[in-house]
Amino acid sequence: MNSNSTVRKWLPLVSLIVIIIAIWYLAALIMNGNQLIQNLERKKQDWTYSQILSQAYQVKRPMLPAPHQVALELKKSVFDTSVNSKRSLVFHSVITLNSTLLGFVFGSMLGMLIAIGIVHNKTLEASLMPWVIASQTIPILAIAPIIVVVLGALNITGVVPKAVISMYLSFFPVTIGMVKGLRASDTLHVELMHTYNASVLQTFWKLRWYSAQPYLFASLKVAIAAALVGAIVAELPTGAQGGLGSRLLSGSYYGQTQQIWAALLMAALLGSILVWLVGLAETALLKRRGGLTNA
Amino acid sequence: MLNYFASSLHLGLIALQLVLVTSAEAGFYQRSPSLILLLLMSFYAVAALLNQLTQLCSSQPNQARYIKPLIPTIFAFMLILAWQSIVEGYAISPVLLPAPSSIFDALINNLPILWADFRQTYLKAVLAGYLLGCASGFLMAQWAVKSAFLRQGLVPLGNFMSAIPIVGIAPIMVMWFGFDWQSKAAVIVVMTFFPMFINTLTGLQSTDALHKDLMHTYAASKSQTFFKSQLPQALPFIFNALKLNSTLALIGAIVAEFFGTPIVGMGFRISTEVGRMNMDMVWATIVVAAVAGSLSYGALALLEKSLLFWHPSFRGNNKH
Chain A
1 MNSNSTVRKW LPLVSLIVII IAIWYLAALI MNGNQLIQNL ERKKQDWTYS QILSQAYQVK
61 RPMLPAPHQV ALELKKSVFD TSVNSKRSLV FHSVITLNST LLGFVFGSML GMLIAIGIVH
121 NKTLEASLMP WVIASQTIPI LAIAPIIVVV LGALNITGVV PKAVISMYLS FFPVTIGMVK
181 GLRASDTLHV ELMHTYNASV LQTFWKLRWY SAQPYLFASL KVAIAAALVG AIVAELPTGA
241 QGGLGSRLLS GSYYGQTQQI WAALLMAALL GSILVWLVGL AETALLKRRG GLTNA
Chain B
1001 MLNYFASSLH LGLIALQLVL VTSAEAGFYQ RSPSLILLLL MSFYAVAALL NQLTQLCSSQ
1061 PNQARYIKPL IPTIFAFMLI LAWQSIVEGY AISPVLLPAP SSIFDALINN LPILWADFRQ
1121 TYLKAVLAGY LLGCASGFLM AQWAVKSAFL RQGLVPLGNF MSAIPIVGIA PIMVMWFGFD
1181 WQSKAAVIVV MTFFPMFINT LTGLQSTDAL HKDLMHTYAA SKSQTFFKSQ LPQALPFIFN
1241 ALKLNSTLAL IGAIVAEFFG TPIVGMGFRI STEVGRMNMD MVWATIVVAA VAGSLSYGAL
1301 ALLEKSLLFW HPSFRGNNKH
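The listed protein sequences correspond, in order, to chains A and B. In this text, residue positions in the first sequence follow our numbering: the first is 1, and each later residue adds one. In this text, residue positions in the second sequence follow our numbering: the first is 1001, and each later residue adds one.
No lab work stands behind these hints, which were simulated from the structure alone. Quick caveat, the model's predicted, so the values are computed rather than measured. A portion of the hints provided could be inaccurate.
[What the hints assert, rightly or not] List of simulated lysine-lysine pairs, DSSO-like, C-alpha gap at most 27 Å:
1. A:K44 with A:K60
2. B:K1243 with A:K180
3. A:K180 with B:K1212
4. A:K76 with A:K86
5. B:K1124 with B:K1228
6. B:K1068 with A:K180
7. A:K76 with A:K60
8. A:K206 with A:K122
9. B:K1212 with A:K122
10. B:K1243 with B:K1228
11. B:K1305 with B:K1243
12. A:K122 with A:K86
13. A:K180 with A:K122
14. A:K287 with A:K206
15. B:K1068 with B:K1243
16. B:K1146 with B:K1228
17. B:K1228 with A:K9
18. A:K122 with B:K1068
19. A:K9 with A:K206
20. B:K1212 with B:K1228
21. A:K122 with B:K1305
[Stated by the list, open to error] Which stretches of chain B does chain A cover? Using the computed rule of at least three CB atoms under 8 Å from a CB of chain A, they are:
22. 1074-1087
23. 1171-1178
Note that CB positions come from ideal geometry on N, CA and C, so glycine has one too.
Using the sequences and the hints, build the whole thing.
The structure is reproduced here in structure tokens:
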């Protein structure tokens, strides 16, 4: 019964992934094959389909590398190169991870502060809230170069400019979720605190803070994914010497498709691990409060 | 009476600061540092003014509709005033941070260039990618809501995709679809597909079973049930995705332009003008992007309001 239900749960996902990989191989065959045919015809050489078929998965700079080529590249750049080498993906991931985490921490703190201000002060709410929402309609990448130039002139370089961009992306979900959460405390409880003559500070620490926690964690998961996007995007225009974003950029300049795909896969892996870690912290904390409550 | 006196004093302080910024020669804070006190006092004046307006809002709910938009406007005005004063007062190099007035000048003087960029990035890439991505996400959700197999396969995949930085596919798309707007649209399609899919699916699944039964007793056809009962109930979720996607799409287009573009487009403009240290032009492009982003978001919000006036989340707003 139990194993049957696990099979039923995983079968669709696994079969979908198998289908995707099959399509991937087929697309790689067609796209690389076409490229090969064009190349050979330009050189006025004869070709046969069996020749194309055998060479399609061994092109040096394929239009679309087949999954096993990406896996090999990933293995080569993660396990077979020293961690300190510039060719190692671990080296670049650590750089990106640094600015992601720094930006995430700053962003969530800023988001919480703004939310606390908004909940306790009506003037702040009316003047700040529209701009918090409007801030997200500014495409983040547009300000990335400016932040780097301005901070560079103030002698701040390296991880901080990238972290600022991560912060800009990640503060928004935290603010929105936290405002909702701080206001989500039961009216009866708020009134009870009032009858106890509790100060604003006491109401905050003993009531509102707890009602906000489930909302906070839901937002933190969004925020950490956003922080990773911010860090990667920030590495594009800043001419960064390292990081997954700069790997993408150099891969695209030199036509190293396998390198692009490997960096992309690494970023995907990093993102899902980060979200999973926040989820783990969420479960651990909410368990202490007596189980997961769906916020 | 006293209140009236205080607020005219506040307004006077702000006006004085305005006069200082527009008339004094650049570098006035360096010559006489005590002038900064006026800026601090006008900050205080604006805070007091905003406080009064907020109180007015709650004491006169009839006029709150007109007062409410004033508050963020005054707040932004103060920020821009402070920006202008500090840049002018300390004579900060325009390479570092251009003053709002010079950004405005750059905006006015380069309207044809900015319009060409806007057309390339927004009217071609963003609109095409956004429409295609949202439509395919919506259609896929229609399909998935009927098939449990598809749902169980696609939903974990969609959740996974929301955790990863999809903008990274931009170099691949540029390689496949060329430098022009088609590659940018392709990035946007992939970015917008999954939020739309997940939200539409959640919306369609949250429909009330009782409503469906009621439609059945009315002998409603499948399309009638869908358009009159299920789609309206899913609309709040769909609009969430539409609004989220409208900001995602602009980011996607600008990021993709960093990996190659013909010599027009907002992302191209930003990267080249940063290289030439023309920061006022960079800021002007950002203003265009921000206005375009805010207007599309606002238009979607208005559309949502007009279509969802019956929904509890909108009816509730009238009370406050």
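Do the hints match the structure? See the list:
| no. | hint | result |
| --- | --- | --- |
| 1 | A:K44 with A:K60 | holds, 21 Å |
| 2 | B:K1243 with A:K180 | holds, 19 Å |
| 3 | A:K180 with B:K1212 | violated, 32 Å |
| 4 | A:K76 with A:K86 | holds, 13 Å |
| 5 | B:K1124 with B:K1228 | violated, 33 Å |
| 6 | B:K1068 with A:K180 | holds, 21 Å |
| 7 | A:K76 with A:K60 | holds, 15 Å |
| 8 | A:K206 with A:K122 | holds, 22 Å |
| 9 | B:K1212 with A:K122 | violated, 43 Å |
| 10 | B:K1243 with B:K1228 | holds, 23 Å |
| 11 | B:K1305 with B:K1243 | holds, 13 Å |
| 12 | A:K122 with A:K86 | violated, 52 Å |
| 13 | A:K180 with A:K122 | holds, 15 Å |
| 14 | A:K287 with A:K206 | holds, 18 Å |
| 15 | B:K1068 with B:K1243 | holds, 23 Å |
| 16 | B:K1146 with B:K1228 | holds, 18 Å |
| 17 | B:K1228 with A:K9 | violated, 33 Å |
| 18 | A:K122 with B:K1068 | holds, 11 Å |
| 19 | A:K9 with A:K206 | violated, 41 Å |
| 20 | B:K1212 with B:K1228 | holds, 10 Å |
| 21 | A:K122 with B:K1305 | holds, 24 Å |
| 22 | 1074-1087 | holds (count 3) |
| 23 | 1171-1178 | holds (count 5) |
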